[in-house]
Amino acid sequence: MSSANTSRPAFWRGARDAGPFLFVAGPFGALFGVVATEAGLNLAQVMGFSVVVIAGASQLAALQLMLDQAPAVIVLLSAVAVNLRMAMYSASLAPYLGAAPLWKRALVAYMNVDQTYAVSVLTFEDQPQMTLAERLSYFFGTCLPIIPVWIITTYIGALLGEAIPSDWDITFAVPVAFLAMVAPALRTPAHIAAAAASVVLAIVFGGLPYNLGLMPAGIGAMIVGAEVERRMGARFTPPSGGAK
Amino acid sequence: MTGWSDTSIWLIIVALGVATYTIRFSFLGLIGNRELPDWLLRHLRYTPVAILPALVTPGVLWPASAEGSLSLPHIAAALVAVGVGYWRKSAVLAAVCGVGAYLAVNAVV
Numbered sequence: 006m007s008s009a010n011t012s013r014p015a016f017w018r019g020a021r022d023a024g025p026f027l028f029v030a031g032p033f034g035a036l037f038g039v040v041a042t043e044a045g046l047n048l049a050q051v052m053g054f055s056v057v058v059i060a061g062a063s064q065l066a067a068l069q070l071m072l073d074q075a076p077a078v079i080v081l082l083s084a085v086a087v088n089l090r091m092a093m094y095s096a097s098l099a100p101y102l103g104a105a106p107l108w109k110r111a112l113v114a115y116m117n118v119d120q121t122y123a124v125s126v127l128t129f130e131d132q133p134q135m136t137l138a139e140r141l142s143y144f145f146g147t148c149l150p151i152i153p154v155w156i157i158t159t160y161i162g163a164l165l166g167e168a169i170p171s172d173w174d175i176t177f178a179v180p181v182a183f184l185a186m187v188a189p190a191l192r193t194p195a196h197i198a199a200a201a202a203s204v205v206l207a208i209v210f211g212g213l214p215y216n217l218g219l220m221p222a223g224i225g226a227m228i229v230g231a232e233v234e235r236r237m238g239a240r241f242t243p244p245s246g247g248a249k
Numbered sequence: 047m048t049g050w051s052d053t054s055i056w057l058i059i060v061a062l063g064v065a066t067y068t069i070r071f072s073f074l075g076l077i078g079n080r081e082l083p084d085w086l087l088r089h090l091r092y093t094p095v096a097i098l099p100a101l102v103t104p105g106v107l108w109p110a111s112a113e114g115s116l117s118l119p120h121i122a123a124a125l126v127a128v129g130v131g132y133w134r135k136s137a138v139l140a141a142v143c144g145v146g147a148y149l150a151v152n153a154v155v
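Line by line, the protein sequences give chains A and B. Residue 6 is where the first sequence starts when you use this note's numbering, and the numbers rise one by one after that. Residue 47 is where the second sequence starts when you use this note's numbering, and the numbers rise one by one after that.
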């Protein structure tokens with residue numbers, strides 16, 4: 006705790022910078038709580054998902070596939086595949102936080118979600134003079150408006166879900182939530198091509214039983230996105246942040 | 047939940063949690079500073095936009111509640127969510143408008 010004094014401002018800076026994302030994490034936590042409860046999970050299971058997994062997209066993916074009565078292996082593989090992007094987050098934080106003690110890195114990993122990652126890595130890139138202690142405090146600061154809010158709003162959503170009459174079918178909200186998450190991420194022609202390929206391949210493979218078509222469609226669409234990016238020339242900033 | 051025992055639901059939760067944590071811990075915890083090859087990064091970058099649309103396409107085009115036929119409210123909700131999300135760059139606004147579109151079309155049809 007010797008670094009607490011110097012790193013305290015960094016913590017609050019992180020909390021402030023991540024603050025606006027409260028309005029992303031909150032509604033989606035509530036949405037997961039409502040939908041999962043409506044789908045028939047009990048309160049402990051709903052909270053279990055949000056505390057153990059903390060990854061809304063993969064939680065909703067697992068839920069959708071369980072509703073579709075997909076085999077457990079497909080549920081898991083698909084939900085894990087949705088989270089593979091986090092390997093990239095992990096790799097890109099390593100140059101900034103890799104020297105921290107193991108238990109701190111283990112804690113960072115637990116809370117390394119889309120919003121905490123995005124806010125932190127942009128700041129680390131922008132302010133290379135930050136010390137390791139400041140970076141850690143900053144990262145934990147970004148968690149403050151995200152992780153507790155995610156868990157609390159899941160709980161509120163689960164209570165709401167119990168109050169909603171069970172003959173209301175709100176499973177239509179799951180595709181809407183996903184598409185709402187994906188659409189703002191369609192930043193480049195490569196992203197648009199990947200998403201379009203994803204839909205087309207899902208229709209092509211739609212006849213396969215047990216949602217077996219999802220993996221070939223997903224992998225095919227990843228290849229399309231990567232190939233379009235490659236042909237258009239590498240215009241992205243490497244996520245390691247090394248080259249500016 | 048129909049078709050799933052409590053035990054199998056918990057197994058899914060724990061297995062998904064462990065796998066997700068392992069992915070998050072991977073480079074930060076074990077592999078350290080080593081760079082991922084470019085081709086792999088290029089593919090990983092597209093995982094969400096490549097997998098999520100394929101995941102929801104059947105639920106939009108052939109929802110269980112419509113017994114496998116096209117459902118206008120589902121399609122309207124999807125198109126509005128994509129359109130608003132792309133145009134306004136806001137997931138929350140897109141979700142709200144998508145749900146609104148579903149309810150509006152459902153009331154009319």
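Everything labelled a hint here was simulated from the structure, so no lab data went into it. Where is the CB? At the ideal position from N, CA and C, for every residue including glycine. One should not assume that every hint holds.
What the hints assert, rightly or not - Stretch-level coverage of chain A by chain B, calculated; a stretch enters the list once three of its residues show a Cβ under 8 Å from a Cβ in chain B:
{"hint": "1", "stretch": "14-26"}
{"hint": "2", "stretch": "85-96"}
{"hint": "3", "stretch": "110-120"}
{"hint": "4", "stretch": "186-198"}
What the hints assert, rightly or not - A few chain B residues facing chain A, derived, Cβ under 10 Å:
{"hint": "5", "residue": "Ile-69"}
{"hint": "6", "residue": "Arg-70"}
{"hint": "7", "residue": "Ser-117"}
{"hint": "8", "residue": "Lys-135"}
{"hint": "9", "residue": "Cys-143"}
{"hint": "10", "residue": "Tyr-148"}
{"hint": "11", "residue": "Ala-150"}
Said to hold, decoys possible - Here are the simulated DMTMM-like pairs of lysine to aspartate or glutamate, each with C-alpha atoms no more than 25 Å apart in a straight line:
{"hint": "12", "chain 1": "A", "residue 1": "Lys-109", "chain 2": "B", "residue 2": "Glu-81"}
{"hint": "13", "chain 1": "B", "residue 1": "Lys-135", "chain 2": "A", "residue 2": "Asp-131"}
{"hint": "14", "chain 1": "B", "residue 1": "Lys-135", "chain 2": "A", "residue 2": "Glu-130"}
{"hint": "15", "chain 1": "B", "residue 1": "Lys-135", "chain 2": "A", "residue 2": "Glu-167"}
{"hint": "16", "chain 1": "B", "residue 1": "Lys-135", "chain 2": "A", "residue 2": "Asp-119"}
Index of numbered hints that the structure contradicts, given in increasing order
1, 11, 15
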